[in-house]
Amino acid sequence: MVEESQSLGGKVITKPFMVLAALVLVGVILMLYRYLFGLGAVTNLSDGYPWGLWITYDVLVGTALGCGGYAMALLVYIFNRWEYHPLVRSAILTSVFGYTLAGLAIFLDIGRYWNGYNLFLPWHVNFNSVLVEVALCIAAYVAILWIELAPTVLAGHHQNPKAREARESLERWLPVIVALGILLPTMHQSSLGTLMIIAGHKLSPLWQTGLLPLFFLLSAITMGFAVTIFESILSSLAFKRPFETPMIAKVGGVMAWIIGVYLVIRLLDLLVRGQMGLIFQGNLNSFMFILENLCYLVAFILMVQPASRDQLRWLFVASTAMLLAGSLYRFNAFLVGFNPGPGWSYFPALPEIFITLGIIALELMGYLYFVKRYPVLPKIEHA
Amino acid sequence: MEINRRDFLKVSAGGGLMLASTLSPIPALAREPKVRLPEAVGILYDATVCVGCKACMAACKEYNHLPPEYSTPGSVWDNPLDLSAKTYNIVKLYKNGAGEVKDREINGYSYIRRFCMHCVDPACTSACPVSALTKDPKTGAVKYNKDVCIGCRYCQVACPYNIPKFQWDQAFPQIQKCELCYHRMAQGSYPACCEFCPNGGSIFGDVQHLLEEAKRRLALEPGKMAAYPLHRVDSREMRHRIVTPYQKHLFGEKDGGGSQVLILAGVPCDKLGLPILPDESTAATSETIMHSLYKGMIAPYVVLGALFYIVYKNTTKQDLP
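Protein sequence lines, in the order shown, are assigned to chains X and F.
Everything in the first sequence is counted per the numbering used here, starting at 1 for the first residue and increasing by one.
Everything in the second sequence is counted per the numbering used here, starting at 1001 for the first residue and increasing by one.
Wrong hints could be hidden among the right ones.
Stated by the list, open to error - Anything over 10 Å on all C-beta distances counts as not near chain F; from chain X, calculated:
#1 ASN115
#2 VAL125
#3 ALA155
#4 MET276
#5 ILE290
#6 GLN311
#7 LEU324
#8 ILE360
#9 TYR367
Unchecked claim - Looking from chain F toward chain X, a few residues come up when the C-beta cut is under 7 Å (computed):
#10 ILE1090
#11 GLY1099
#12 ASN1145
#13 TRP1168
#14 THR1285
#15 SER1286
#16 GLU1287
#17 ILE1310
FYI, nobody ran anything at the bench for these hints, they're computed from the structure.
The beta carbon of each residue, even a glycine, is placed where N, CA and C say it ideally should be.
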């Protein structure tokens, strides 16, 4: 088997690594505080805004940033574009961390975590609940992602004959695992949008629509491509490796068309529902809607023209714009556009923010460790 | 390495299946709105009769063993500002301008009692992932079971009235809400708020009877003397009073798919802080989408099969035998 990836080697414990570790430590201390004194002690959540930063960032944005593995698997295995295969491993690695930590963040957020196992008991589960679909599907996908990552870990121990054997038997199951790895995110990323349907009038009509599942799915796929480009550029810079420009530029081209389709449906939906007027009301909702879709538009314009997307600088700007656009869409649809009625307001508390920072830091530490110890990034000669 | 036409069609078919069901204007498996249970019980609250004495609040606290809430500095008695994990029931005041005349929108005032509406098609029970919130199959009371609740708070997101409350200050928190005093009903009694209401502002009864009573009141001529039952709709104890004009809107008859708590008032309900809701519960909308995509898991299995076929073909470079 020809290896197209390699481990970077080098010291794992560096200065940035220690800074990240300090952030994780702060997060862990605050988490202990949360378990001892309740959610009110560390968050600004309220009966009006029961979901805040943790659900919106850690789960909604976190898993969308973890859609690199999903988006790349679609491209390589379904659309048969094997030229992108070198990017798959690092995409899966980011997905593993994005999703695993989102799963853990849920246990931080739910108030009665010791009852969490009830989600897996069929006689308690309410199959009408959108949240059931989301929870079971994310749990299953976390397992699939670790199985998808396993060949990378096993390849890191290639001198061990048992590891090689395990890897070969895993590869026989590849089609099933990959098929599940595409189906599950399709299901739960769309369901994350469906979650808000039941909130009805509490969500502004700028975001409340029957097409929420479609918009969440399409934005998850585009964010998946964007995060793959973003991560490729950053790791090339950080580890002083050659840029993967022609390949990631082509990914950008694919992404542009999905953004285009998304934007057309998004505006048509507002038009059909007669809610275009809400864009121009000059309030926070209008502003955030415009900002969100401007980011989409910037990403679209930069990615759709070969002239700009072939330049690394613009490719980077475009992928950042797309990540911002998708994140803003999620924040808007769950927090900014959510209005439970007069008297309620929400902005995350400092400890709440620091816990999220701790989770992000843990993700980055895991990424750094893995790319240095295991063959994740594309081999330089091939890049 | 190119995408050939056949593959593209297959992919489109698979993805299209999922998208089509989301996009189609009349979903294949629409979840019918739920109808009223034949033996459902509820409460009729008439703001024009209510005198704002808050006896219902005191009774609710006593019979649900809820602690007092001291909301202002130095307060020595229970004075909640809104519903909370310690307060299932509250009487609020609407006041406009000079606030001279009771039950008048302009320069008037009105009381409004807020508590769980015990919806016909509740969003909270549809949202709850572990069936911790359920609708009693007989009485229709929306009840809470802390032993299965995972504390996800999706019920709070879903409820159009923001009724379920969470114990934010507890390490082992629970959801708290009015359960229509089902513990009292189990002993042959009825909700404490209605038993202790001195004026007939809140009455308990079969929802069918409450609907009839509410419509009777809406048909009364303002300024004339009329009889209003006390405590229960089937009570023989009556209070006679002069009818004050009603808004011709029986809140809860259809709002949000209907509720077992019904509200009559002299001031428009949205001025009293009640939301303006369509006639269909958001639970029906949400479940329609979910059932269209996932009923019997047929669509996911079909898509999985298609995905497997394509991946198998693309990885092994051969067609299935």
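Hint check:
1. ASN115: violated (5 Å)
2. VAL125: violated (6 Å)
3. ALA155: It holds; ALA155 (chain X) is separated from chain F by about 17 Å at its closest Cβ, greater than 10 Å.
4. MET276: Non-interface label on MET276 (chain X) holds, nearest chain F Cβ at 20 Å vs cutoff 10 Å.
5. ILE290: holds (25 Å)
6. GLN311: Correct as stated: the minimum Cβ-Cβ distance to chain F is 26 Å, above 10 Å.
7. LEU324: holds (25 Å)
8. ILE360: holds (23 Å)
9. TYR367: TYR367 (chain X) clear of chain F: closest Cβ-Cβ about 26 Å, beyond 10 Å.
10. ILE1090: With Cβ-Cβ at 13 Å, over 7 Å, it is violated.
11. GLY1099: Hint on GLY1099 (chain F): violated, closest Cβ of chain X at ~19 Å, above 7 Å.
12. ASN1145: violated (9 Å)
13. TRP1168: holds (3 Å)
14. THR1285: With Cβ-Cβ at 6 Å, under 7 Å, it holds.
15. SER1286: holds (4 Å)
16. GLU1287: holds (5 Å)
17. ILE1310: With a closest approach of 5 Å, the ILE1310 (chain F) hint holds.
Checked against the numbered hints listed earlier, the structure breaks hints 1, 2, 10, 11 and 12; every other hint is satisfied.
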